[in-house]
Amino acid sequence: MQIQEILKKRNGTVVDVRTREEYMSGSVPKSVNIPLQELDQRMQELKKLPQPLVLCCASGNRSGMAAQILTHQGIKAYNGGSWREVDYIQSN
Numbered sequence: 000m001q002i003q004e005i006l007k008k009r010n011g012t013v014v015d016v017r018t019r020e021e022y023m024s025g026s027v028p029k030s031v032n033i034p035l036q037e038l039d040q041r042m043q044e045l046k047k048l049p050q051p052l053v054l055c056c057a058s059g060n061r062s063g064m065a066a067q068i069l070t071h072q073g074i075k076a077y078n079g080g081s082w083r084e085v086d087y088i089q090s091n
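Count the sequence shown with numbering that gives the first Met the number 0 and you get residues 0 to 91, in order.
Treat each hint with caution, since some may be false.
To be verified - DSSO-like cross-link-like pairs, simulated, lysine-lysine; straight-line CA separation at most 27 Å:
| id | residue 1 | residue 2 |
| --- | --- | --- |
| 1 | K29 | K46 |
| 2 | K29 | K75 |
| 3 | K7 | K29 |
| 4 | K47 | K29 |
| 5 | K8 | K46 |
| 6 | K8 | K47 |
| 7 | K8 | K29 |
| 8 | K75 | K46 |
| 9 | K7 | K47 |
| 10 | K75 | K7 |
| 11 | K8 | K75 |
| 12 | K46 | K7 |
| 13 | K47 | K75 |
Unchecked claim - Pair ranges (Cβ atoms, derived):
| id | residue 1 | residue 2 | range |
| --- | --- | --- | --- |
| 14 | A57 | Q3 | 28 to 34 Å |
| 15 | Q40 | E4 | 19 to 25 Å |
| 16 | K7 | Q40 | 15 to 21 Å |
| 17 | Y87 | N60 | 31 to 37 Å |
Source of the hints: derived by calculation from the structure; they are not laboratory data.
Note that this is a predicted model, so its numbers are computed, not measured.
Beta carbons are placed, not taken as given, at the ideal position from N, Cα and C, and that holds for glycine.
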């Protein structure tokens with residue numbers, strides 16, 4: 000399933016892996032903020048979220064790292080790139 004399809008159908012959960020400060024300055028509506036540095040500590044919480052997870056950050060670098068980490072944990076996760084791209088796809 001492509002990321003655009005997931006976002007348009009509003010399947011799964013958008014997870015923003017930026018810091019809380021970055022998230023508070025702008026974010027995708029109804030997204031969940033779990034900073035990259037907290038992934039390991041919050042793995043059980045992540046496993047309970049509706050999957051697939053579409054991960055976003057400022058540019059796509061952190062969300063790419065997060066997608067790899069979560070995929071290795073058996074979570075269906077995709078790198079959605081920047082939060083602005085995810086927001087644009089979801090709202091159009």
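Here's how the hints hold up against the structure:
1. K29 with K46: Holds: K29 and K46 sit about 18 Å apart, inside 27 Å.
2. K29 with K75: 19 Å, holds
3. K7 with K29: 14 Å, holds
4. K47 with K29: The given pair, whose Cα atoms are some 16 Å apart, holds under the 27 Å limit.
5. K8 with K46: Holds: K8 and K46 sit about 21 Å apart, inside 27 Å.
6. K8 with K47: Distance of about 20 Å is within 27 Å: holds.
7. K8 with K29: 14 Å, holds
8. K75 with K46: 9 Å, holds
9. K7 with K47: 22 Å, holds
10. K75 with K7: Roughly 17 Å between the alpha carbons, so the hint for K75 and K7 holds.
11. K8 with K75: Since the Cα atoms of K8 and K75 sit roughly 16 Å apart, the hinted pair holds (cutoff 27 Å).
12. K46 with K7: 22 Å, holds
13. K47 with K75: Since the Cα atoms of K47 and K75 sit roughly 12 Å apart, the hinted pair holds (cutoff 27 Å).
14. A57 with Q3: 28 to 34 Å: For A57 and Q3 the Cβ distance comes to about 20 Å; the hint is violated.
15. Q40 with E4: 19 to 25 Å: 31 Å, violated
16. K7 with Q40: 15 to 21 Å: Violated, at about 32 Å.
17. Y87 with N60: 31 to 37 Å: Violated, since Y87 and N60 (Cβ atoms, about 19 Å apart) do not stay within the stated range.
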